[in-house]
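*Asks:* The primary structure of each chain is shown beneath.
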Amino acid sequence: MSALDDLSRIPPPRPPALSAALEAELAHLTPVATRRPLRQLALLIAISLVYGAGLIVMLTLRRDLHELPMGWLVWTGLAWLLGFVVPITLATVPRAGAVMPRWRLAGIASVVAALAMIGLGLVLHPAGEHSAVLGWDGVVHGYGCLASGLETAIVPVVIGTIFLRRTLPVGSRWVAAGLGAGGGSLGGLVLHLHCPVADGLHVGLVHGGVIAIAALLAAALVPRATDLR
Amino acid sequence: MQRYCDGEAGAFRELYALVAPRLLGYLLKMTRERALAEDLLQQTFLKVHRARAAYVRGADPVPWIYSIAHRTFIDETRRHRRAVVRVGEAEELPEVPAGLTGESDDRRDEVRGDPELVTAALDALAELPAQQREAVVLTKLDGKTVAEAAEIAGTTVGAMKVRAHRGYEALRKLLGRAQPRPAKPAGDAGAQGGGA
Chain A
243 MSALDDLSRI
253 PPPRPPALSA
263 ALEAELAHLT
273 PVATRRPLRQ
283 LALLIAISLV
293 YGAGLIVMLT
303 LRRDLHELPM
313 GWLVWTGLAW
323 LLGFVVPITL
333 ATVPRAGAVM
343 PRWRLAGIAS
353 VVAALAMIGL
363 GLVLHPAGEH
373 SAVLGWDGVV
383 HGYGCLASGL
393 ETAIVPVVIG
403 TIFLRRTLPV
413 GSRWVAAGLG
423 AGGGSLGGLV
433 LHLHCPVADG
443 LHVGLVHGGV
453 IAIAALLAAA
463 LVPRATDLR
Chain B
110 MQRYCDGEAG
120 AFRELYALVA
130 PRLLGYLLKM
140 TRERALAEDL
150 LQQTFLKVHR
160 ARAAYVRGAD
170 PVPWIYSIAH
180 RTFIDETRRH
190 RRAVVRVGEA
200 EELPEVPAGL
210 TGESDDRRDE
220 VRGDPELVTA
230 ALDALAELPA
240 QQREAVVLTK
250 LDGKTVAEAA
260 EIAGTTVGAM
270 KVRAHRGYEA
280 LRKLLGRAQP
290 RPAKPAGDAG
300 AQGGGA
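Same order as they appear, the protein sequences are chains A and B. Under my numbering, the first residue of the first sequence carries the number 243, and numbering increases by one thereafter. Under my numbering, the first residue of the second sequence carries the number 110, and numbering increases by one thereafter.
Everything labelled a hint here was simulated from the structure, so no lab data went into it.
Quick look at which bits of chain B chain A covers, simulated, 3 or more residues with Cβ under 8 Å: (1) 114-121; (2) 129-142; (3) 152-165; (4) 225-236; (5) 260-272.
All values derive from a computational prediction rather than experimental measurement. Here a beta-carbon is modelled for each residue, glycine too, at the ideal position from N, C-alpha and C.
Isolated chain A, as found in the complex (with noise of 0.2 Å):
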């Protein structure tokens, strides 16, 4: 179209002169410490794992666990940590060159994150002598992990936030809901080793459920922080 490639060959214009508002802020500055975002991801996946052990702690170990097969339990323990890992780092540091996490990737992430894991919880979920199962009960009495999987997901939510308060022009929403489904995952991480229910409903639905939630939650919540405005 050559109007349209006329338009496109037009000089950029003159910008205006500075405003008073940015040369007043240009008399004072100051040198300030940028972002480290590989930094920040070693300190938020640490501070989250000690506080997710401290959580075991308390709770206790789940009474099945030396009836349970290792293998599962491993694997299993595996993805419930790589749900954590792989959201956080795409919701916190940005690729090669660039200023913006990879929020795209981070809510993708946390959508395969949680249906990877209800769905890996429906589906394997051995029971052991002295495990629980509940059946539906299981599900519609389900709070009590609800809400320790939920309150394990608030530091790494929280400590994200922090990070990236007030940097995100765009795409905020999809990183929140990426360190909800980071956060819900280590939710998970710490059912896996605490709650001895080892039905699938209970097991998919509501720890698998975890991560679901907590991803909603940022997402409507966190971006009120993170936005650039």
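We have chain A; now place chain B onto it with these hints.
*Replies:* Same frame as chain A, now just chain B:
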């Protein structure tokens, strides 16, 4: 950007001189009002200044600054939509000084190329929905890739492709309608008329 974050005011002026013209061009095409575009430009750089601690050393700040400009434009559009315009009982409207073309002073100095074509393109662009207009401005006029434009606008690559395509098609129709059609031969008139 790094020197600026280290407290060198001159580095900010260099950054402004480098980025502001392109950014003003983008904002001007989005708003079509020089005064508003300049105001948004200043707001954008004020936000960049206040959020400079969010910068990651070694990163390219331009897409981030564009994103801030995009957000500032969106916020301004929303504020503008919410604003209640009161017209006095006598329905007096403020007089806006206009140039020979009928354009206000604000809009006159944006036309510098082939004036007719550029004005037609700008008018057509202004008729597009904001999202499509932005997609066309970023991908067709500012030379950004679809991925860069999506990053700036806070959307997915797929959505940006769709917006750019729809915007481009709408623009093609608008510009086609605006251009004078060649006169038809006299013999064709009866065949097409259908006779009233």
